[in-house]
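Note that the protein sequences, when read in sequence, are chains D and P. In terms of the numbering used here, the first sequence opens at residue 1 and continues consecutively. In terms of the numbering used here, the second sequence opens at residue 1 and continues consecutively.
Because the hints were derived from the structure by calculation, they are not lab data. Note that beta-carbon positions come from the ideal geometry of N, C-alpha and C, so glycine has one too. Each hint should be verified, as a subset may be incorrect.
Said to hold, decoys possible - Stretch by stretch, here's where chain D covers chain P in the computed footprint (C-beta under 8 Å, at least three residues):
hint : region
1    : 118-131
2    : 140-149
What the hints assert, rightly or not - Non-contacting residues of chain P with respect to chain D, defined by C-beta distances greater than 10 Å in every case (computed):
hint : residue
3    : L6
4    : E114
5    : F158
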Amino acid sequence: MSVQDKKRTTHQALVTRVLEGDGRAAHNQRRAAFDNAGLTAPLSTLVNKVAKYAYKVTDEDILAVGEAGLSEDQIFEIVVCAAIGQATRQYETALAALDGVIEEE
Amino acid sequence: MRLKILNSGYSLSRKMLFTFIRVVSGQPVPDAAKLVFYRPDFYGKPMAALTHEAMRGISAWSVGDREMMAAFVAKMNECEFCIRAHSAVAARAYQDEVKVSAVLSDLETAPIEEPLRATLLMLGKLTREHTVDMNDMRTVLAAGVSREQIQDALAVCFAFNSTARLADAFEFDVLEPKGFEAGAKFLLSRGYR
Numbered sequence: 001m002s003v004q005d006k007k008r009t010t011h012q013a014l015v016t017r018v019l020e021g022d023g024r025a026a027h028n029q030r031r032a033a034f035d036n037a038g039l040t041a042p043l044s045t046l047v048n049k050v051a052k053y054a055y056k057v058t059d060e061d062i063l064a065v066g067e068a069g070l071s072e073d074q075i076f077e078i079v080v081c082a083a084i085g086q087a088t089r090q091y092e093t094a095l096a097a098l099d100g101v102i103e104e105e
Numbered sequence: 001m002r003l004k005i006l007n008s009g010y011s012l013s014r015k016m017l018f019t020f021i022r023v024v025s026g027q028p029v030p031d032a033a034k035l036v037f038y039r040p041d042f043y044g045k046p047m048a049a050l051t052h053e054a055m056r057g058i059s060a061w062s063v064g065d066r067e068m069m070a071a072f073v074a075k076m077n078e079c080e081f082c083i084r085a086h087s088a089v090a091a092r093a094y095q096d097e098v099k100v101s102a103v104l105s106d107l108e109t110a111p112i113e114e115p116l117r118a119t120l121l122m123l124g125k126l127t128r129e130h131t132v133d134m135n136d137m138r139t140v141l142a143a144g145v146s147r148e149q150i151q152d153a154l155a156v157c158f159a160f161n162s163t164a165r166l167a168d169a170f171e172f173d174v175l176e177p178k179g180f181e182a183g184a185k186f187l188l189s190r191g192y193r
């Protein structure tokens, strides 16, 4: 396996694990957090902050999601999926831009 | 950390490991390590494999360059824990604290090679604006960076765009300088696995 294939494989393994493997949060909820789409407040507020400006997340954001019925393990998984989802969109956008230039040559 | 489970939800054997780390290093276990050890099957193990490959796998970038990228991406994310953690590793890898400080305070004038500067500029834009385009890639390639080096840098960027978000969302404790020094020594000798 090439070095680049190994990097892509470890990324895909991470994404597959958090989205499709066993967890405390439902699969569709993890996927929605990863996509930052299709959620309602207060979960959408927390997920959007994690994706766009995680340094703005507050204790209240976490508490609100807990009060809405999510356990700490579910919040853990949702936040992980939100972070990996946004970073994945950035990663794939950049790789596609690079591939576009290479294909031109 | 904001979730109680990330502070205390560990098995007895894991708690014993944390005690061992505290005794050996003389410093508290960093929250970054606790996160990786929490239900590691879900996140910690696959993320550690990815991060180790990006930061210590085969690459034309040096370990110092990749740690510098991690610190720079952390700065773009305004993540204090990750800035301090990875600037400490970069400084130790380069054996040059001044260079790391210069990059973080003013990338345009910092005393580094142009390929690294062009790559950091692209990673900074990707992190701040969440996107880059083909022109950005042409600029990096024109600076003498290979396709493989860009792919390697993007893998580093992914790792720390994920980690910085988690550090801020879960509110990692910012350690004393000695704590970050101990962490840097460990990461430089052992990596991320």
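Discussion item. Flag every earlier hint the structure violates by its number, smallest first.
Written reply: 3 and 5
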